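J.: Fit chain to chain and form the complex, with the hints in mind.
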Amino acid sequence: MWPDHRLIDLFRTEFPIVLAPMAGVMDAELVIAAAQGGALGSLPCAMLSADKAREQVNIIRQRVSAPVNMNFFCHKQAPVDPSQEAAWKERLASYYREFDLDPAAPINAANRAPFDGAMCEVVEELKPEIVSFHFGLPEQGLLARVKAAGCKVISSATTVREAIWLEENGADAIIAQGAEAGGHRGMFLTDDISEQPGTFALVPQVADAVHVPVIAAGGIADGRGIAAAFALGAAGVQIGTAYLRCPESKVSAPARLALAQGRDDSTVITNVMTGRPARGLANRFMREVGPISPVAPAFPHAATNLAPLKAAAEKQGRLDFTNLWAGQAVRVGRDMPAAELTRALAGAALARLAKLSA
Amino acid sequence: MPISTPLTSLLGIRHPVLSAPMAIIAGSRLVTAVGNAGGFGILGGGYGDKDWLVQEAAKLQQCSAPFGIGFITWSMAKQPELLDIALEANPRAIMLSFGDPKPFAPRIKAAGCLLICQVQTEDMAKQALDAGADILIAQGTEAGGHGASRTTLDIVPAIVDFAAGRVPVVAAGGLADGRGLAAMLMMGASGVLLGTRFYASVECDGADEAKKRICAATTSDTVRGMVFDISRKIWWPAPFTARTLINDHARRWAGRETELVHNVEAVAAAYAAERDAGNYDVAAVFAGQAVGLIHDIPPAAEIVERLVSEADQILAGRRNFQAA
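Protein sequences, first through last, are from chains A and B.
At the far end of the first sequence sits residue 454, using our numbering, and the numbering has no gaps.
At the far end of the second sequence sits residue 331, using our numbering, and the numbering has no gaps.
If you are wondering where the hints come from, they were derived from the structure by calculation, not from laboratory data.
Everything numeric in this text was worked out from a predicted model, so none of it was measured.
Don't be surprised by glycine CBs; every beta carbon is placed ideally from N, CA and C.
Each hint should be verified, as a subset may be incorrect.
Pair by pair, the computed Cβ-Cβ distance ranges are [unchecked claim]:
#: 1; chain 1: A; residue 1: Pro350; chain 2: B; residue 2: Arg259; range: 43 to 53 Å
#: 2; chain 1: A; residue 1: Pro175; chain 2: B; residue 2: Ser156; range: 30 to 40 Å
#: 3; chain 1: A; residue 1: Asp431; chain 2: B; residue 2: Asp212; range: 24 to 34 Å
#: 4; chain 1: A; residue 1: Pro175; chain 2: B; residue 2: Ala276; range: 30 to 40 Å
Residues from chain B that keep clear of chain A, each with C-beta distances beyond 12 Å, as calculated [as the list claims (entries may be wrong)]:
#: 5; residue: Leu94
#: 6; residue: Phe111
#: 7; residue: Ala117
#: 8; residue: Lys219
#: 9; residue: Asn254
#: 10; residue: Arg263
#: 11; residue: Pro306
One chain only, chain B, in its complex shape (with noise of 0.2 Å):
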């Protein structure tokens, strides 16, 4: 039985299952994977690549299903002009995160598509349905990538109750299967996104190495902090942090991150070279602490199923039951 909430009607999807907009790795491979499986993918725009936008935007014409296109608000401002170029694509919904959506908002409803925006406060919320947010994205700390410190159990409820029914609320941060789905609805979420889930996936295109990585990740073997921001010199607003899977180079220096400031430029060039060389015991793995929950790589649409058919077995009581 599908299971329809307010986020499935306003998007068009058959289930509320939403695709992170990952920065890069999150490619139209991917977004047209969930998106002809019934859920919602969304690009990920991240910084503001611009001929990878164009490129992965111009792939996106073949796709048939909804799909959205995310960015990293306070990054994109610096290229207002990414903005023309995504909404040419005909997205149903452009996804802003960490930053003041207002100054996107006009162009993206001017063009007919929807807005969603990613919050990790209730001021945020604030901030974004003032802007005109359509949907609203509560994110909790156990989320992989960027994202700040209140917990899942906590924001997911309390942007619930401050939407107040206006907008649907979609949950976000450690959730990886049909029983965090459930868990979700049951908490008065009307979807889920789930990014390191996705990420393990046949379809994204991440390095087959980082997936391997997360597969084989207990949920104690992520860390939030700044060690790889610096490290890669870009300069994150407060209060946003990265979760990633610990490595090496995030045992080396958290807890020394002024003393990697006053090093930045050596340990750039350093970080630079080994991520290019793929060694992930160095470059960041992003990802959250559902991590303990995925253990393959399958396809897309194997993903958004096996969400779909258990959150539904458990809502009809035929999961988590044990007899009386």
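Only chain A is shown next, with the shape it has when bound in the complex (with noise of 0.2 Å):
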């Protein structure tokens, strides 16, 4: 049995497992799946209009009733700044002729917005039992407006000090995301990523720090890593690109591919995909202009000029623009029934701490 109940009882699942929201790669079918195996399913919203995220969690409710994760960015929307604009567009242009592309045609701006009174509105109509935000909270009459609803909120932590601070604004759960993890580094009150501690590193430190339960993320896997982080003090953990191959993902087949290839030491922390730093696998564009540069513009409108790219580059079956956000774990990931995975890795960390607690 679990040496932890605490997450258990705040989320009512049958594990302590958080399939992580995963913007872009995964929508209510991998949700489903998850949370039919045991684990608490996150739709990623950050990507998705009102009206699409309402529609995927009425979908969920329909085909489960577990509980159900919707998540949010709710980073603080900076201005498009056009001299940045001007030397993003210049970085790019060798990129644009060699895909034969127009630079001056119109683009979509990259669609990651904050958690605002529109989606507050969804959030307030579908009741879901619980919210998760990156990046921080949204301003506090929002939050408040979330928990009257019900919602237990949870966020992330890649410092003792942002664990605190979520604590103190209100977090009923912490996620305590270690280096390792795939995708954005969930930090808000630093943008030095060398800050970030590993997160065997990370989750005792937190743990002593907050009274509320902590969830251990990145680079945990396997039954083992899921042991290790109760022994650390974690009352439950985040897994996402273990995910990232069952047959529910909309991960594409070439992406499938890349990862199922990949290493430890395949994946990179870059900013030049979206302007945020994110760990994902290393690909031609984060090669030749970053993975870190000082050019990129600030989160998302790094992205926008990149849409074109890579859907020139896709379409002709290329990854060399393609955020394909992995942790450092993705040698583990396996090609499986997100339930059949779900039930698999709790078995394992299961079977493991039984074992030696024998």
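T.: As structure tokens, this is what we get:
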């Protein structure tokens, strides 16, 4: 049995495992499958319209009775800086020529909007059991409305300082996100990526600093990692990368192949895809322009001018400009249905916890 | 209840806790204290100061517990006679880190000594096993002092899988308490090696001011880089960098390493003077990401005792346990 029940009690899930919200590569299908296996399914809403988010949650509700987590970004949206924009276009010009794209053609702005009043209304209407935020928490008025709707609120900390801030500002549980994690660093009190410790150094220090349950995230992809996280003081784990190759994800066939070939050293932390540091499989663009570039415009504007390149390359079956976010545990990922994977992860962790405490 | 693992049987120790061979500051006092407490202390032979080694090895003649002696392999290779001095002290094991152990393995084995090799990748683990390593230390980037880039959560299970039961694997990097020991046993490791935790102990020969700074630091107060190696004109081979507490000197030069190299003579002279004066706003305190778990400077025996009793309670389900 699980040595710590606080998260299971808070979420009312079968297992203390959270499927990480992975914007752009998953939708309701993966949420449903992971929830059927006993995990907390998380729907990434940062790139969805209010209507689309509503539709997705309704699909989930029709298919499973398990609790659901709606995930939002709550960064402060930076205005487009014309000079940054021009410098970035200049940096991308040779790629536009290579793919025969018109740099003057209109492009839709990158669609990663922060949580706002319109989305808050959707939350109030749908009342998901859990709402998770990335990049801190929304302003107090919005947060109060989310809580008044009965939702439990969780968010990510990349340092002890951020964990203390989240607890003081109302988080019901805290994701301790270590440097191994795929996707965007949840950091919001610092922009120095060297401050983010490894998961196993971070988890016990966060557990000492806060009273709410701690969810370990970053590099955990098998039963022994889950068991170790509990020994370090976590009450649960959040797992993303291990689910990317599940048949229910929306990862494209070439991307699946790249993930299957991924090794522990295949990922880098880069800011060139979106403007914020995120870990993913290294691609041609990250290698040639990054992985960290001072020229990349602020989040999420760096993604805007990359979109035509990504689409053009993907049409040719190439991932040169595809942000395939993945954590350091990419080599442990498995190609199996998400419900089965969830039960396998929980079973392996429980077996290890039982064996050592016998 | 003692925690028995393949490591404890092989080394003939009570507890699967090793103290790291921190250059010069892990002297005979610390090694003896850890050994007498049932752990395994490893003398910090470091870059190879012959007089220091002779003096500390002589003191270890009085140590009745098994102990080890550690070296920075690429540096020791410049004065291979140091290995003979070490072997004459009858250590249970020689620990080699950062470089190919093969040239030294036959002498170590011939002396009836165990060979411990610290590794940061599978390729290094292969090199170590080919050389005849008896124990592998899998070191994550969280570690204080020199190391590489992969994290403990990544490298420990990778090396456990790679070793496949042939030799015990010890976890290092970012660990400081019984939770870390229990977690690493869950990951399949046979024990832990701790540096920073033992730095902040009574018997460590580090400066009091450095120990106090470790106690005051939080987990985000360390940085891994090359600034201090360049400032000491110690030219480490790739891929190794060092993790230290962040101080004024680190802040001043981080990201400007090329400029630092161009000014190295002047900077190195100034750095040495400040270090000798005990100014830790300039001088490096080598410390890992576990600093945020370290708040006191107890005797080493108490550290070993705390680690083992806390890990035992976790493994027995009596801690980190909330009623259903």
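J.: The structure should be examined with respect to each hint, and the outcome stated for every one.
T.: We went through each hint and held it up to the structure:
no., hint, result
1, Pro350(A) - Arg259(B): 43 to 53 Å, "holds (45 Å)"
2, Pro175(A) - Ser156(B): 30 to 40 Å, "holds (36 Å)"
3, Asp431(A) - Asp212(B): 24 to 34 Å, "violated (53 Å)"
4, Pro175(A) - Ala276(B): 30 to 40 Å, "violated (48 Å)"
5, Leu94, "holds (35 Å)"
6, Phe111, "holds (28 Å)"
7, Ala117, "holds (36 Å)"
8, Lys219, "holds (19 Å)"
9, Asn254, "holds (14 Å)"
10, Arg263, "holds (15 Å)"
11, Pro306, "holds (22 Å)"
Against the hints set out earlier in the document, violations occur for numbers 3 and 4.
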